[in-house]
Amino acid sequence: MKYSNEMTLTISALSQNESFIRSSVASFSVLLNPSIEEIGDIKTAVSEAITNCIVHAYKGRNGADRITVKVGITDRTLVIDIIDYGSGIDDVSLAMQPFFTSGNTEERSGMGFTVMQALMDELKVTSKPNKGTHVLMKKHIQQTNNDIDEGADA
Amino acid sequence: MEVISKQESDKTIIYLMGELDNHNADYARTKIDDIMAQSLKRIVVFDLKLLSFMDSTGIGVLIGRYKKAKGKQQLFVKNPSRTVDKIFLMSGLYDIMPKV
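Line order of the protein sequences matches chains B and G.
In this text, residue positions in the first sequence follow our numbering: the first is 1, and each later residue adds one.
In this text, residue positions in the second sequence follow our numbering: the first is 1001, and each later residue adds one.
Quick caveat, the hints were computed from the structure, so don't treat them as lab data.
For glycine and all other residues, C-beta sits at the position ideal for the given N, C-alpha and C.
Be aware that one or more of the hints could be misleading.
Just the calculated beta-carbon pair ranges, DEER-fashion [stated by the list, open to error]:
| id | chain 1 | residue 1 | chain 2 | residue 2 | range |
| --- | --- | --- | --- | --- | --- |
| 1 | B | Ser12 | G | Asp1010 | 46 to 54 Å |
| 2 | G | Lys1070 | B | Glu122 | 34 to 42 Å |
| 3 | G | Lys1078 | B | Val92 | 31 to 39 Å |
| 4 | G | Asp1033 | B | Glu37 | 25 to 33 Å |
| 5 | G | Pro1098 | B | Thr68 | 39 to 47 Å |
| 6 | B | Thr126 | G | Lys1070 | 40 to 48 Å |
| 7 | B | Pro98 | G | Pro1098 | 16 to 24 Å |
| 8 | G | Val1100 | B | Pro98 | 39 to 47 Å |
| 9 | G | Ile1096 | B | Glu122 | 28 to 36 Å |
| 10 | B | Pro98 | G | Asp1033 | 34 to 42 Å |
| 11 | G | Asp1010 | B | Asn130 | 53 to 61 Å |
| 12 | B | Ile36 | G | Asp1033 | 27 to 35 Å |
| 13 | G | Asp1034 | B | Gly60 | 25 to 33 Å |
In silico DSBU-like pairs for lysine-lysine, Cα to Cα no more than 35 Å straight-line [what the hints assert, rightly or not]:
| id | chain 1 | residue 1 | chain 2 | residue 2 |
| --- | --- | --- | --- | --- |
| 14 | G | Lys1011 | B | Lys124 |
| 15 | G | Lys1011 | G | Lys1068 |
| 16 | B | Lys138 | G | Lys1011 |
| 17 | G | Lys1049 | B | Lys59 |
| 18 | G | Lys1078 | B | Lys124 |
This is chain G alone, in the form it adopts within the complex:
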């Protein structure tokens, strides 16, 4: 998988690309944490447009980033696939990380 970011005037967009599963969760965590630590923007959007696969390990990664942000940054998700949308809904992820 790959993680890249784009700075916009009011927000940081983090693109998760490829497959996010147990095998590359540590890599994703490290990359996302680096980007979020360097970003001064209050709003962070995870764009999943280029993510071909994610399971509940990915939900764990996102929840972990939310806990780490401790309310200093507001997190959102964008463009989940239909299956990912279903698992986000059932896990309640959208309660802490709304879909935009």
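So here's chain B without its partners, still in its complex pose:
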């Protein structure tokens, strides 16, 4: 896809990087002048996808693996690709069901994909066992009154 502006981040799949990754994507999205709530939605959806990479795709392999995060802007839409090269998901539609988890059912909500779906406008998950998973998310950022005012002045 052709973007008017884009960034790529390749980073170690370590849980201590989760905060940095979601904050980086949120900072880039500020170019579209999102609301506080939209920034919260973006950070949360990104965090869900990154957590899946660390907890599931690269389970028990702390550190040697990489996650690639691409963020692109086209018109007023933020497009986020989160790619890992880990274990992959056998059954994507099962994994995407609310409350499904392959982890500890006492401590894991199984809501990751459901949250991504609800907070973003589009979610597409493709996965190949032992090759990795690609999560594509899109969010349309609403035009605010401020943007319109600035446009009128210019």
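On the provided structure of chain B, position chain G as indicated by the hints.
Okay, now just chain G, sitting in the frame of chain B:
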């Protein structure tokens, strides 16, 4: 993140502060379990006023505490952000841990 608690006459208030995600979920679990084990109050309120971020890992942490309490303590949540409120609603968390 940080977890601190305050005892009131009829309830324990647990303040979750900072960011609750996969990275610090174990820390949050341990701290909350310690506070809940020491508290004799029937009512426990999680106050999220000072929580700047939480994702579904945080829901897992809260559901885990509910299961561990086994009905001996009643749990509530207070002051979620707008995004956290949305994910609590869609996960059904408020059915077991009402918002006050």
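For each hint, the structure was consulted:
1. B/Ser12 with G/Asp1010: 46 to 54 Å: 47 Å, holds
2. G/Lys1070 with B/Glu122: 34 to 42 Å: About 41 Å separates the Cβ atoms of G/Lys1070 and B/Glu122, which means 34 to 42 Å holds.
3. G/Lys1078 with B/Val92: 31 to 39 Å: Since the Cβ atoms of G/Lys1078 and B/Val92 sit about 37 Å apart, the hinted range of 31 to 39 Å holds.
4. G/Asp1033 with B/Glu37: 25 to 33 Å: 32 Å, holds
5. G/Pro1098 with B/Thr68: 39 to 47 Å: 41 Å, holds
6. B/Thr126 with G/Lys1070: 40 to 48 Å: Holds, since B/Thr126 and G/Lys1070 (Cβ atoms, about 41 Å apart) stay within the stated range.
7. B/Pro98 with G/Pro1098: 16 to 24 Å: Taking Cβ atoms as reference, B/Pro98 and G/Pro1098 lie about 20 Å apart, which means the hint holds.
8. G/Val1100 with B/Pro98: 39 to 47 Å: 25 Å, violated
9. G/Ile1096 with B/Glu122: 28 to 36 Å: 31 Å Cβ-Cβ, so the 28 to 36 Å window holds.
10. B/Pro98 with G/Asp1033: 34 to 42 Å: 26 Å, violated
11. G/Asp1010 with B/Asn130: 53 to 61 Å: Holds, since G/Asp1010 and B/Asn130 (Cβ atoms, about 55 Å apart) stay within the stated range.
12. B/Ile36 with G/Asp1033: 27 to 35 Å: 32 Å, holds
13. G/Asp1034 with B/Gly60: 25 to 33 Å: 27 Å, holds
14. G/Lys1011 with B/Lys124: At roughly 44 Å apart (the allowed maximum being 35 Å), B/Lys124 and G/Lys1011 break the hint.
15. G/Lys1011 with G/Lys1068: 18 Å, holds
16. B/Lys138 with G/Lys1011: 43 Å, violated
17. G/Lys1049 with B/Lys59: At roughly 33 Å apart (the allowed maximum being 35 Å), B/Lys59 and G/Lys1049 satisfy the hint.
18. G/Lys1078 with B/Lys124: 33 Å, holds
Comparing the model with each earlier hint shows violations of hints 8, 10, 14, 16; every other hint is respected.
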